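Chemist: From first to last, the protein sequence lines stand for chains A and B. The numbering of the first sequence is the numbering used here, which starts it at 1 and goes up by one. The numbering of the second sequence is the numbering used here, which starts it at 61 and goes up by one.
I should point out that these hints are in silico values taken from the structure, not numbers from a laboratory. Keep in mind it's a predicted model, so treat the numbers as computed, not measured. A virtual CB, placed ideally from N, CA and C, is assigned to each residue, including glycine. Be careful, since some hints might not be right.
[Stated by the list, open to error] Partial list, computed: chain B residues near chain A (C-beta under 7 Å):
1) V116
2) M165
3) P180
4) V301
[As the list claims (entries may be wrong)] For the chain A half of the interface with chain B, some residues (derived, Cβ under 8 Å), not all of them:
5) R38
6) H41
7) A48
8) A49
Letter by letter, the chains look like this.
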Amino acid sequence: MNWNSAADFFAMGGHGYFVWMSYGAAALLMAAEPLLARARHRQAMRVAAQQSDNESGGES
Amino acid sequence: MKAPALRLFAFASPARLYRLAGWLVPLCWLTALVLAGVGLYMGFFVAPTDATQGEVYRIIFIHVPAAWMSMLLYLVMAFWAGIGWAFNARAASMLAQSIAPTGAMFTFLALWTGAFWGKPTWGTYWVWDARLTTELILLFLYLGYIALVNAIDDRRRADQAGALLALVGSVNVPIIYFSVKWWNTLHQGASVSLTMAPKMASTMLTAMLLMSLACWAYAFAVVFMRTRAHILERESHTTWVAELVQAKIKA
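The task is simple: from the sequences and hints, build the whole structure.
Modeler: What follows is the structure, encoded as structure tokens:
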């Protein structure tokens, strides 16, 4: 085990700022990207539903 | 929709690619989460403190995977863009365009984590060194590809112009990779290579490889999610999308 306490872990031997800025950015971007992709998929689904509604509405 | 005559191109149909991607997304997420969990545990709790750098070296477990993915995804993107252009396969072009944002994200992450590693070890966030500069060019290539493809209204022409840019730009990838050999750079040489024994403790190497596989699974998951959105956007006028939407509304 490398760490004696939680504080020791977050301090990262005095370089906590650099380590957590790196991992923080990675976590943020890798959480945001799938959420954006999901929102885009839902939006595409809504647009497609509207189009198919318009078309079937026109036929009947 | 009739079954395509040529089985080799079965997944060239956007409808089939849509279904395949939908099936793969949860599997990729599961793989990514498990590998990242084990990889981070290994990286922070099992891998020892580095003798010269102390704890700050632990940035390697995200920096190297991000840098690898940035180069690999570019080649994969250029490959599919080229296939889409050569065979007029729109599903391949859609796949290529879905890879670009994830590639750009990993490139940015490689530069960002590199900056936060460079400050405590080299004394500077940025230096116009061969490795760093070529990686920055890679980011501009991704952004240029995304901008170019979105600037052209005719989808087929956008696919073709994008493919040309992606293929010409791929010459940059070997330059990035070998930059640390060809020029005197501040950036250290390759930590891992196929021909030499790794220059690090085996637990460090294991953690780095696990994190790389996790990033790979993540890239697959998010690219397939985006591919599905992309296919729906471009195929919204087709019968299969109309049927899909109707089935979804009834369910």
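Chemist: Now look at each hint and say whether the structure bears it out.
Modeler: Hints, one by one, checked against the model:
1. Annotation: V116(B) was flagged as interfacial toward chain A, and the flag holds, the nearest CB pair being 4 Å apart, inside 7 Å.
2. With 7 Å as the threshold, the beta carbon of M165(B) comes within range of chain A, its nearest partner Cβ sitting at about 5 Å, so the hint holds.
3. A distance limit of 7 Å between C-beta atoms decides the matter here; for P180(B) the minimum to chain A is near 5 Å, and the interface restraint holds.
4. Because the beta carbon of V301(B) sits about 5 Å from the nearest beta carbon in chain A, less than 7 Å, this interface hint is met.
5. Annotation: interface hint on R38(A) holds; nearest CB of chain B at approximately 6 Å, less than 8 Å.
6. The beta carbon of H41(A) is positioned within 8 Å of a beta carbon in chain B (closest approach about 4 Å), and the interface hint is therefore held.
7. A cut of 8 Å between beta carbons decides the hint on A48(A): the least distance to chain B is about 4 Å, and the hint holds.
8. At a threshold of 8 Å, the smallest CB-CB gap from A49(A) to chain B is about 5 Å, leaving the interface hint in force.
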